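Visitor: Sequence:
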Amino acid sequence: MSVAGRISSITTTITPQSHSSCSPAAILPLRLSKIRTNHASLRCSNSSFLNPIRITPIITTKSLSRRPSSIQMSMEAGVGLMGTKLGMMTYFESTGKVVPVTVIGFREGNLVTQVKTEDTDGYNAVQVGYRRVRDKKLTKPEMGHLEKSGIIPLRHLQEFRLQSVDGFEPNQKLELEELFKEGDLVDVSGTTIGKGFQGGIKRYNFKRGPMTHGSKSHRALGSIGAGTTPGRVYPGKKMPGRMGGTKTKIRKLKIVKIDSDLRVVMIKGAVPGKPGNLIRITPAKIVGKNIPKS
Numbered sequence: 001m002s003v004a005g006r007i008s009s010i011t012t013t014i015t016p017q018s019h020s021s022c023s024p025a026a027i028l029p030l031r032l033s034k035i036r037t038n039h040a041s042l043r044c045s046n047s048s049f050l051n052p053i054r055i056t057p058i059i060t061t062k063s064l065s066r067r068p069s070s071i072q073m074s075m076e077a078g079v080g081l082m083g084t085k086l087g088m089m090t091y092f093e094s095t096g097k098v099v100p101v102t103v104i105g106f107r108e109g110n111l112v113t114q115v116k117t118e119d120t121d122g123y124n125a126v127q128v129g130y131r132r133v134r135d136k137k138l139t140k141p142e143m144g145h146l147e148k149s150g151i152i153p154l155r156h157l158q159e160f161r162l163q164s165v166d167g168f169e170p171n172q173k174l175e176l177e178e179l180f181k182e183g184d185l186v187d188v189s190g191t192t193i194g195k196g197f198q199g200g201i202k203r204y205n206f207k208r209g210p211m212t213h214g215s216k217s218h219r220a221l222g223s224i225g226a227g228t229t230p231g232r233v234y235p236g237k238k239m240p241g242r243m244g245g246t247k248t249k250i251r252k253l254k255i256v257k258i259d260s261d262l263r264v265v266m267i268k269g270a271v272p273g274k275p276g277n278l279i280r281i282t283p284a285k286i287v288g289k290n291i292p293k294s
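Numbering of the sequence shown is given in the working numbering, commencing with residue 1 and proceeding in unit increments.
Quick caveat, the hints were computed from the structure, so don't treat them as lab data. Since the model is a prediction, treat every value here as computed from it, not as a measurement. It is possible that some hints are incorrect.
[What the hints assert, rightly or not] Derived lysine-lysine pairs resembling DSBU-like cross-links, with alpha carbons at most 30 Å apart:
id	residue 1	residue 2
1	Lys173	Lys285
2	Lys116	Lys173
3	Lys202	Lys216
4	Lys254	Lys97
Could you build all of it, start to finish, from the sequences and the hints given here?
Guide: Right under this line is the structure:
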C-alpha cells in the first residue's frame with residue numbers, strides 16, 4: 001500500500017523532519033498515542049520518500065472548568081405558612097357580591113425548625129415545619145434534625161429565603177393572624193392535579209379534524225414539521241404527553257376571609273392541587289416595593 005493510502009484518513013498536515021532511511025519497525029502498523037497538550041499536531045521521524053512513515057498524532061483534551069456552586073433560590077417577600085387545601089365554596093360579601101373562594105386549613109405545625117444565616121449557611125432563610133405526625137413516620141436523620149431544636153415530629157419542611165432573619169428563632173410558632181390580614185395579596189403554590197398521558201386536544205387545546213366525509217384524522221396531532229428542512233422536530237414542540245402533576249404558583253391572590261376559630265383562610269379564586277394537597281402561602285412579591293429590583 002502506498003504512503004498516501006496509509007494516511008488518507010488523516011487531514012492534518014505532515015511535516016517530515018529527516019530523510020534518512022527508516023528502521024524495520026517503521027513497516028509495522030500505525031501506532032497512536034494520546035498526549036495531553038493544548039494543540040494538535042502530527043510528528044514524523046526517520047522517514048523517507050520511499051519508506052513508510054511513522055505517525056504519532058497528538059490529541060487535544062479540553063479541561064473542564066468547574067464553577068463554584070452557589071445557592072439558586074428565589075427570595076420571598078416574607079415568611080409564609082403551609083396549609084392543607086380543603087376545597088372551594090361560595091362566599092357572600094356584605095354587599096351581596098358572590099366570590100368563589102378556596103378554603104385552606106391549618107393543622108398542627110408551622111413552627112420554625114431552623115434559622116439559616118449568611119455566616120453559617122451562606123444565605124438568610126427560615127425553615128418551617130408543618131403537620132405533626134408520629135415518630136415512626138420519619139427517618140432517624142429527620143428526627144435528629146428536629147430533636148436538635150427540641151421540636152415535635154413534623155411531616156413537611158420548607159424554607160423561606162428572606163432578606164433578613166431578625167426576630168426568628170427555633171421552635172417559634174407562626175400564627176396566621178400575625179402574618180396575614182384580610183385584603184392582603186398572597187402567592188399560592190402547590191402541585192397541580194395529575195391528568196396522566198393526554199393528547200394534544202386536551203393538553204394544548206388543539207382543534208380536531210372533521211368527524212365525517214371519510215376523514216381518518218379526528219383527534220390526531222397531524223404534521224409536526226417539514227421533512228426536508230429542517231429534517232427534524234424542534235425541541236419544545238407541543239405534542240401528547242404527561243399532563244399536570246407539576247409545581248405551580250398562582251400570584252397575587254386576595255385573602256377574602258380569615259376565620260380564627262376554624263383555623264381556615266379563604267382565598268379568592270382557585271389554587272393548584274386537589275383537596276388534601278399541601279399548599280404554600282407567602283406574601284405577594286412586588287418588585288421595587290418588598291423585593292429589590294436587582
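Visitor: Provide an ascending list of the numbers of those earlier hints which the structure does not satisfy.
Guide: No numbers; nothing is violated.
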